[in-house]
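6 protein chains.
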Amino acid sequence: MVIGDYTVDQVIEKAQTLIEAMPYIKKFQGKTVVVKYGGSAMLDENLKYNVIKDVAMLKLVGMKPVIVHGGGKEISKWVEKVGKEAEFINGLRVTDAETMEIAEMVLGKVNKSLVSLMQKIGLKAVGISGKDGGMFTVKKKFPGGKDIGYVGEITNVDTSILTSLIEDDFIPVIAPIGVDENYEDYNINADDAACAVATALEAEKLVFLTDIEGVFIDPTDKSTLISEMDIHEAKDIIEKGVVGGGMLPKLNNCIAAMENGVSRVHILDGRLQHCLLLEFFTQKGIGTAILKEPLF
Amino acid sequence: MVIGDYTVDQVIEKAQTLIEAMPYIKKFQGKTVVVKYGGSAMLDENLKYNVIKDVAMLKLVGMKPVIVHGGGKEISKWVEKVGKEAEFINGLRVTDAETMEIAEMVLGKVNKSLVSLMQKIGLKAVGISGKDGGMFTVKKKFPGGKDIGYVGEITNVDTSILTSLIEDDFIPVIAPIGVDENYEDYNINADDAACAVATALEAEKLVFLTDIEGVFIDPTDKSTLISEMDIHEAKDIIEKGVVGGGMLPKLNNCIAAMENGVSRVHILDGRLQHCLLLEFFTQKGIGTAILKEPLF
Amino acid sequence: MVIGDYTVDQVIEKAQTLIEAMPYIKKFQGKTVVVKYGGSAMLDENLKYNVIKDVAMLKLVGMKPVIVHGGGKEISKWVEKVGKEAEFINGLRVTDAETMEIAEMVLGKVNKSLVSLMQKIGLKAVGISGKDGGMFTVKKKFPGGKDIGYVGEITNVDTSILTSLIEDDFIPVIAPIGVDENYEDYNINADDAACAVATALEAEKLVFLTDIEGVFIDPTDKSTLISEMDIHEAKDIIEKGVVGGGMLPKLNNCIAAMENGVSRVHILDGRLQHCLLLEFFTQKGIGTAILKEPLF
Amino acid sequence: MVIGDYTVDQVIEKAQTLIEAMPYIKKFQGKTVVVKYGGSAMLDENLKYNVIKDVAMLKLVGMKPVIVHGGGKEISKWVEKVGKEAEFINGLRVTDAETMEIAEMVLGKVNKSLVSLMQKIGLKAVGISGKDGGMFTVKKKFPGGKDIGYVGEITNVDTSILTSLIEDDFIPVIAPIGVDENYEDYNINADDAACAVATALEAEKLVFLTDIEGVFIDPTDKSTLISEMDIHEAKDIIEKGVVGGGMLPKLNNCIAAMENGVSRVHILDGRLQHCLLLEFFTQKGIGTAILKEPLF
Amino acid sequence: MVIGDYTVDQVIEKAQTLIEAMPYIKKFQGKTVVVKYGGSAMLDENLKYNVIKDVAMLKLVGMKPVIVHGGGKEISKWVEKVGKEAEFINGLRVTDAETMEIAEMVLGKVNKSLVSLMQKIGLKAVGISGKDGGMFTVKKKFPGGKDIGYVGEITNVDTSILTSLIEDDFIPVIAPIGVDENYEDYNINADDAACAVATALEAEKLVFLTDIEGVFIDPTDKSTLISEMDIHEAKDIIEKGVVGGGMLPKLNNCIAAMENGVSRVHILDGRLQHCLLLEFFTQKGIGTAILKEPLF
Amino acid sequence: MVIGDYTVDQVIEKAQTLIEAMPYIKKFQGKTVVVKYGGSAMLDENLKYNVIKDVAMLKLVGMKPVIVHGGGKEISKWVEKVGKEAEFINGLRVTDAETMEIAEMVLGKVNKSLVSLMQKIGLKAVGISGKDGGMFTVKKKFPGGKDIGYVGEITNVDTSILTSLIEDDFIPVIAPIGVDENYEDYNINADDAACAVATALEAEKLVFLTDIEGVFIDPTDKSTLISEMDIHEAKDIIEKGVVGGGMLPKLNNCIAAMENGVSRVHILDGRLQHCLLLEFFTQKGIGTAILKEPLF
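Residue numbers (my numbering), protein chains in the order written: chain A, 1 to 296; chain B, 1 to 296; chain C, 1 to 296; chain D, 1 to 296; chain E, 1 to 296; chain F, 1 to 296.
Quick caveat, the hints were computed from the structure, so don't treat them as lab data.
There could be a bad hint or two in this list.
Same chains, same label: a pair holds when it works inside one copy or across any pair of copies.
Said to hold, decoys possible - Pairs of lysine-lysine residues, derived as DSSO-like cross-links and limited to a Cα-Cα distance of at most 30 Å, are as follows:
1) K235 to K140
2) K139 to K53
3) K27 to K141
4) K139 to K26
5) K27 to K146
6) K222 to K53
7) K84 to K31
8) K124 to K27
9) K53 to K77
10) K84 to K222
11) K292 to K146
12) K124 to K222
13) K53 to K140
14) K146 to K84
15) K26 to K240
16) K140 to K124
17) K31 to K81
18) K124 to K73
19) K120 to K140
20) K48 to K140
21) K124 to K139
22) K53 to K26
23) K31 to K141
24) K81 to K59
25) K146 to K73
26) K26 to K48
27) K120 to K139
28) K120 to K292
29) K81 to K53
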C-alpha cells in the first residue's frame, strides 16, 4: 500500500517521530524559552528561515519564545559607510557617540527585519529595544578599567513590557540597547542581554545559537565535545582553563543565569538546520547542555 | 557526524516531519474532534495503545478530542455468560430488560477501562454515559416497524456536561446509553451517538475508526478507494447503490452530521498504526474523507 | 378563614417550619456535604426517592452535596448469576479478577441508575468512579495479613474532577473503584471511600445513611442511643469495647475524617423518611453526631 | 420514637413542608422581588419582625428582595409636632416646603430603622432614597389640575445604585423621595415608587403589603375575594367600577407594571403572619394575584 | 496674539498650572481620601458649591473621596422647633430618646441634601449612615463619668458597604449615626467618625474642613501657624498645653488615625475658596499638616 | 495672607484653572487621542519636552494617547552622510532600496529617542513601526503615475498590537514604516499614517502638531485664521482652492478620518508652548478644529 508519495512504513515512521516529540512538548509547554540569535544563523537567508520556522513550531505547541539578537557585522559595515574606522578593545567595540547612534540604527533595522520575516511566516512578533517600557537599565562598563564609551552592562530588567506582549501572544524580539540612570544610550553585548532577560523572566531554557558545535575539551578534536554538564563541571572547566575566546564569557553567562533561576542553558551550532527543534524534541540533543538535573 | 543513534541527515528529516505537521496543527488548534472508537482498534491491545497515544498527541497540540465508543462483542459475551442467547433483527440487537441491564454494565466496564488506559498514558479522562448530566434524550426505535426492545435513537443532546469537562481539560469518553422521557434506559448505536455528539458540539471533525480501509466503489478492488468526496458525491454513491452493509448507515450519518455543522468526516482503518495522526498531520491523508471544502 | 386545603393556623405553622430552618441553611450554605449512601435506603424505591429529594433540597438552598454509594447485595446477585460463589473473609469479599470485573460492572449500573433518578427529579448529576480523572489511587489490602485479591485502600484522592463538577453545579455520584500504581483495578469499601472523599474535600459534614438508628451504649436498649459525642468520647467508646460489628470500622473512619479536617460526622438511620432533612434543618437532630464543637 | 419535643410523625411533616417549598424556591431563585411595605405591617412590632424574617428567608434561598416603604402616619405626627396642620386633596398630601422637609426627615428615620432591624436579624441592608445615585427623576404632579406643592411622579429610574447593591448582596431599602430636573425635592407615593422600581428592574414579582385581604368583587362579602386574575380581567374590573378607594390607583399601578415587564403582582394582607412566605412557598397562595400566566 | 479672552502668556500660565498639578495627581491617584465636612463650609451656599467642585476634581483625576459630615446647628434648630431645649455637657449634646430621633432625622436631611448637590454637579453619590450595612458599632460614652444619653463612640467599622460603593464609583457620604450591640441608636461626633472611617479604610489622607486657619502656637498671633509637624511634635504641643478648645480632641483624633495607618492628616480652613484643591495640588499647601514623612 | 510664594488670590486663580479643566477632562476620559508629532516641535529640545509633558498630562487624567511621528530632516542628513543626494518628486522622497534602509534606520532612532524621553518623564512608552504585529499593510504609491520607489500608502491597519499596548497602559509611539503583501519595506507619509491609525482605532481626536498656526483663508493675513469648521466647510475651502502646499493633503486626510469615525481633528502650531494642553483643556482652543458637532 502507498499513501501519497510514501509507503505505509514511511508514514508510520513519520507518525512515530511525532509521538517521540510528545514528552518534550509536554515538558516545555507554557514555559518561557529565551533564544540568543546571532552569528551565521542570522546572516544566511536559508538558515534564518529555518531558525524562524523552528521558533514558530515552539510557539505553536505552546512554548513562549523570546528572541534576543545581535548585529555585529552590520554595525561595522555602516560605521565604515559613514567613513569611520571600527576599533575594538578586549573584543568590545569602542563606542563613541556617533558609533552609538549608528549601532542603535543598525540594530533597529536588524530587529524589524527579523520581525517582518516572522510575521511573513505567520507569527505575531514585536520588535523592541531595552528602551521600550524602560526594560533595561545599564551602567557603563570599564573593561580592564578602560573607558571605551557607550558600552553598558545591565543592572535591572523591568519585564512589564515582555510580560504584556507574551500574554497577548506576541513573540518579543529584543535589540540589546539600554539607558543609564541619566537616560544616556548604551550598547549591550547580546549574550549578556539574553542572560539578563532569561534570568528576569525565570526562563525554563536559554539557548545560544552560535557558530561552533558546542564546548570541547580539546577544540581541535571534535570527539571531545561535552554533551552535558552541570554547573560544577562548567565551573571546573573554566578553572582548568579548558575554554577560552568568546566561549569563556558565554559560559560565565550560562552559569550566572542558572544560579539565578534559569533551569537549563544550551550552546548550539546555529549552522545546523533545525538545530532548535532537534534540541527540543529529540532525546539525544545536540551541542552542549548545562543542566541542573537530567530532563527525564 | 552522528547524533545519538542517528546520522545528521536522519535527525534533520525528523525535524522536517515536525515542520510538515505545523500547518495542520495550526488548522485544528482549539477545535473539537469527535472520534468514534470501535472494532479491532478497540480489541487489539497494541492498536488500542497506539490510538490512545494518537489522541494524546491531538490533545497535547491543542485540539479537544471527545471519544465515543461501542462494546458490541463484549456485550454478546456477557449475555451468553448469564445463559441468554443474542438475537439480532436488521443488524440491531433485540434488547429485553435483562439484556439492557447487561449492555449498560458492559459498556460501563469498557468505558472505565478506556479511561484508565488514558490516565495511565498521562491524559486526564472522564468516562460518562448519556445519562450523566441528562446528556442524551432518546426515543424508541422501531426498525422496519418492529419493536425490538430498548434500542433508542437520540432526539436531544444536552452538551453542558461535555462543555464543562472540555473546559477543565478533561477528555470525555462516552458510552452510548440514554433515557427516554420516562427515564427508561436505552441502548444506542455508537455511530449514531458519535454523530449526534459531533453535531451538538459543532465539531470540526468526526472520525470513524473502522475495520475497513475506507469507501470503495468496488469493494473487491482496493484500487477503487475514494480518498475524498463532497456531500453531493456521497449522496450520489448512496443513490447508485454502490455502498451497502454497515457502511450505508455510517455514510448516512456522515451526511447528516455535515448538514448540521460538522466540517469534515473521516472513515479510517483503525487497524493501521497511528491512523489518527496520519490523517491529521500529513498532506495526503488516509481512508475516505467527506469534506465541505479542500483543507488548504 | 381557610387557605387552599388548610386553615390559617396550619399555613402559619408551615411558614414557621421554614423560618425554623433558616439558621441551619445559613450555617451550611456553600459547604460541602458528603453522603455515604447504602443499605436499605438504596434498595427500597420509596426511601430512595425520599433520600434524593432531600439531597435536592440541600443543593437547592446552596450546599454542595457529594454522594458515595456501595452496591453490596447487587454484586453478590450477579456473581451468582454467572455461576460463582460469594466468599467473605473478615467481612471483606474475596475478589478474584472475574469478581472484580463483575463488581465494577454492577457498581457502574447502580451508579448510573442513581444519576438517572437524580436527573429525573431535576438535579444535575454525574456518575464517576475513582478511575475518572485519576481520582483514587489505592494499594492492596491484606486484612489479617491475608491476600484476598482486588480489595484496595485509598492512598491518594485527586479532587480535580470533583472540584470541576461541583463548580459547574453538578452533583458527583461516586462508585468506590480505584486503581493501584500499575493501573490494576480494585474494589474499595464504600465507607472508606466516603471518608477519603470528605477528608480530601475538607467537607463540612460527612453523613452515613445506615440501617441502624445510631450508636448505642447497649444495642439491645434503644434508650441508650448516643445523640452527640466528641472525638474523645468516640475513642473512649471504642476502647471500652462498647461498639462492634460494622459500626467499629465506621466509627474509626469517622474519627480519622474528623482528625483530617471534616467538621462533623453523622450516623443516621436511612430507613427513616427524610432523615437527611431532619438532620440538617431541625435543632434536635436524629441518629448519632460526632462533633468538634456544638452547632450553635 | 420521639425526636426532641416532637413525635416522628411531626418531624416528618416538617420535612415535607420543606420539600413542598422546593419547586417555589427553584422557580424564584435568582429573581428580583420588589416588596411595597406599608400599613399595619409596618406599625405593629410583631408583624414587622415577621415580615423581615420572611424577607430574610427569601434572600437566604437565593432571591433578590428590594423593599420600598412609605411613612404616612409618622409624617402627619411630625407635621403636627412642629405646629402645622396636615391637609389632603384627592388623598394626596398638600406639601409645602416645610412639609417636604419634614416628610424627607421622617422617611429617612423610618428607612434607617428598617435597615437597623434587618441588620439585627442578620441581613445586609442599605437604606437609600431616590436622591442617592440620582435614582429617581420626577416631575410635579397636578392632581385634578391643582398645584399641591412638592408631590412628584417618577419619570425616570436610574438603577445603577440598585444593581450595585444587589450584586454585592445588600438588600436595598428605598424611601420614596426624588428630585426634579432642577434638583428640587419631591415626595412620591410609595405605591408608585414600588411600581417604578419593579418595572425598571424587570422584577419577577411585585408584592403590596396592605391592610386588606385582597381585591373583592363585593368588599362587604369576604367570599367574593378574587384569588387570581389576568390583566384583562383586572382592566375589566376597573371599567365596571367594582373597585374604588386606595385600591383603584394600586390596581392601575399593577397593570402598568405588568405591561412593562413585571411577571406577576400580588396584593397581600400584611396583617397576616408570614404572609410573604405563604405567598411564595405554598401552592394555594393568599390575597389577590395578577398573573400573566399560571405559575405551574 | 490673543486666544479667546486671554493673551498667549495667560493661557501658557494656565497650562503650567495644570502641569504643576501633575506630580500631586500622580501621587494620590487611586488613593482613598476622607474629608470631614463641617462648619461654615457647610452652611454658606457658595462655599458648599466650591467644596463639592473640589471633591469632583479629586474624583475626576482618580482619587477615591469619602465624605463624613456633621449637622450641629441644624439639630439645635429642630430640637427647638419641637419645643425642647438643647443642653450640653463638656461640649457634648445631652441626648435623650426624642433628641436622638431628631438628630437622626436632621442628619438624614443634611446627608441627602449633600448627595443631591453632588449629583447636580455630575458626581455619583450615595448617602448612608453608620446603620447601613452595619457599618458603625458603638458603645455609650460617659464623658467625665456622666450618662448624657445616646452619645456613642465607635468600637468597630464594617467597611463592606464603603468598599462596595467605592468600587462601583460612587462617593459615600456618611452621617455619623450608629447602633450599639442591642441595636439602640446613638449619635456620634463627626470628627470621631471621620477618624474611624479613615483608619478602617487605611486612607491616604484625612482632611478636616474647619473654621480656623490651622493650628497656632499662639492663636492670637496669625504668624505662629504651624504648617507641618510630625506625630511627635503634635504630641509635644498637646503636652505643653499649647492647644485647647475644639482643637484638642481633633488633634488627638489626628494622632490616633496616623498611629493606625492613615498617612497624613490636614486641618484646613473651609472658609477659604477651593481649599481642598490648594491643599492637594500645590507644593506649598495651606492649613496645618501632620505628616509621617515629607511628600516629595 | 500669603501661601508659599503666592498671594491668596493667586492660589485661588490656580485652583480655578484646575476647575475650568474639569469638563474637558470628563469629556475625554477613556478616549483615544492620536497625535501626529512632527516639525519644529520635534527638533527643539525645549518644545519637545513641553509636548511630552502635555502628553503625560493627557495620560494622567485618563486619556489614551498614541503618537505617530515623522523624521524628515534627519533622514536627509543621513542620506547625505553616506554620500547620496536626496531627490523629491511632488514633495515625496524618491526612495531607492538604500534610501529605504536609511529611512527605516533613522525613523527607528527617532522612535526610540522619543520613547526614552517619555520614560524619563515617567511615562510608560513603547516604540513600534508598522511592521510590528503586522500593523500596516501598504501598496506602492504612484504619484502622478510615476514609480518613485519604496513609498507606500496604507491599505490595512491591524490594531491588535496597539490595543494590547494601550490596555496594558503603555503609550504606543509609531514610526511610519510598513510592508506590502510580499513583505517588502515601504516608507509612509507620517500624516497618512496618523490618519490611518486614528481611523482604525476610532479615535476621539486626531491632532496634527505643525509649524503653522492653523488654516487661513488668506495665509498672508493672520486675522483670517479659521478656528472651527465642519466637514462641509472644509470641503468647500478645498474646492475653492483656498488652501495649498502641505496643508492640502493634510486637510484631505482630516476629512477622510472624520468620514471614517474620528470625531474631531485639530491642526495646531507645535511651536506654541503647551499647545496640546491648551487645545484640550480650555474653552477657546487654538489652531484650527474640524468638528462634527460643537463640544458643549
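Comparing the hints with the structure gives:
1. Only within a single protomer do K235 and K140 lie at most 30 Å apart by alpha-carbon distance; the minimum there is 27 Å, versus 49 Å between protomers.
2. Taking CA atoms no more than 30 Å apart as the test, K139 paired with K53 passes between copies only; the shortest distance there is 26 Å, against 36 Å inside one copy.
3. Proximity of K27 to K141 under the C-alpha cut-off of 30 Å is found in neither arrangement, the shortest distances being 38 Å within a copy and 35 Å between copies.
4. With identical chains, the CA atoms of K139 and K26 are at most 30 Å apart between copies only, with a shortest distance of 28 Å across copies and 40 Å within one.
5. In this assembly of identical chains, the alpha carbons of K27 and K146 never lie at most 30 Å apart, being 45 Å within a copy and 42 Å across copies at closest.
6. With identical chains, the CA atoms of K222 and K53 are at most 30 Å apart within one copy only, with a shortest distance of 28 Å there and 38 Å across copies.
7. In this assembly of identical chains, K84 and K31 lie within 30 Å of each other by CA distance neither inside one copy nor across copies; the values are 44 Å within and 48 Å between.
8. Taking CA atoms no more than 30 Å apart as the test, K124 paired with K27 passes in both settings, with 23 Å inside one copy and 16 Å between copies.
9. Taking the shortest Cα distances, K53 and K77 sit within 30 Å of each other inside one copy (28 Å), while across copies they are farther apart (38 Å).
10. With identical chains, the CA atoms of K84 and K222 are never at most 30 Å apart, being 39 Å at best within one copy and 49 Å at best between copies.
11. In the homo-oligomer, the alpha carbons of K292 and K146 never lie at most 30 Å apart, since the shortest distance is 36 Å inside one protomer and 45 Å across protomers.
12. Proximity of K124 and K222 under a CA criterion of 30 Å is satisfied in neither setting, with 39 Å inside one chain copy and 45 Å between copies.
13. Taking the shortest alpha-carbon separations for K53 and K140, only the inter-copy value of 28 Å comes in at or below 30 Å, while the best intra-copy value is 37 Å.
14. Taking the shortest alpha-carbon separations for K146 and K84, only the intra-copy value of 21 Å comes in at or below 30 Å, while the best inter-copy value is 37 Å.
15. Taking the shortest alpha-carbon separations for K26 and K240, neither the intra-copy value of 38 Å nor the inter-copy value of 48 Å comes in at or below 30 Å.
16. In this homomeric assembly, K140 and K124 come within 30 Å of each other (Cα to Cα) only across copies, at 24 Å, whereas the closest approach inside a single copy is 34 Å.
17. With identical chains, the CA atoms of K31 and K81 are never at most 30 Å apart, being 42 Å at best within one copy and 46 Å at best between copies.
18. For a Cα distance limit of 30 Å, the shortest separation of K124 from K73 inside one copy, 27 Å, qualifies, whereas the shortest one across copies, 32 Å, does not.
19. For the identical chains of this complex, K120 and K140 are inter-copy neighbours only, at 18 Å across copies versus 37 Å inside a copy, given an alpha-carbon limit of 30 Å.
20. Proximity of K48 to K140 under the C-alpha cut-off of 30 Å is restricted to the inter-copy arrangement: shortest distance 27 Å between copies versus 32 Å within a copy.
21. Taking CA atoms no more than 30 Å apart as the test, K124 paired with K139 passes between copies only; the shortest distance there is 21 Å, against 32 Å inside one copy.
22. Taking the closest pair of Cα atoms, K53 and K26 come within 30 Å of each other both inside a single copy (20 Å) and across two copies (13 Å).
23. Proximity of K31 and K141 under a CA criterion of 30 Å is satisfied in neither setting, with 32 Å inside one chain copy and 41 Å between copies.
24. Taking the shortest Cα distances, K81 and K59 never come within 30 Å of each other, neither inside one copy (38 Å) nor across copies (41 Å).
25. With identical chains, the CA atoms of K146 and K73 are at most 30 Å apart within one copy only, with a shortest distance of 23 Å there and 36 Å across copies.
26. Both within a single protomer and between protomers do K26 and K48 lie at most 30 Å apart by alpha-carbon distance, with minima of 26 Å and 21 Å respectively.
27. In this assembly of identical chains, K120 and K139 lie within 30 Å of each other by CA distance solely across copies; the values are 16 Å between and 37 Å within a copy.
28. For the identical chains of this complex, K120 and K292 are inter-copy neighbours only, at 28 Å across copies versus 37 Å inside a copy, given an alpha-carbon limit of 30 Å.
29. With identical chains, the CA atoms of K81 and K53 are never at most 30 Å apart, being 33 Å at best within one copy and 37 Å at best between copies.
Violation of the numbered hints given earlier is confined to hints 3, 5, 7, 10, 11, 12, 15, 17, 23, 24, 29; the remaining hints are satisfied by the structure.
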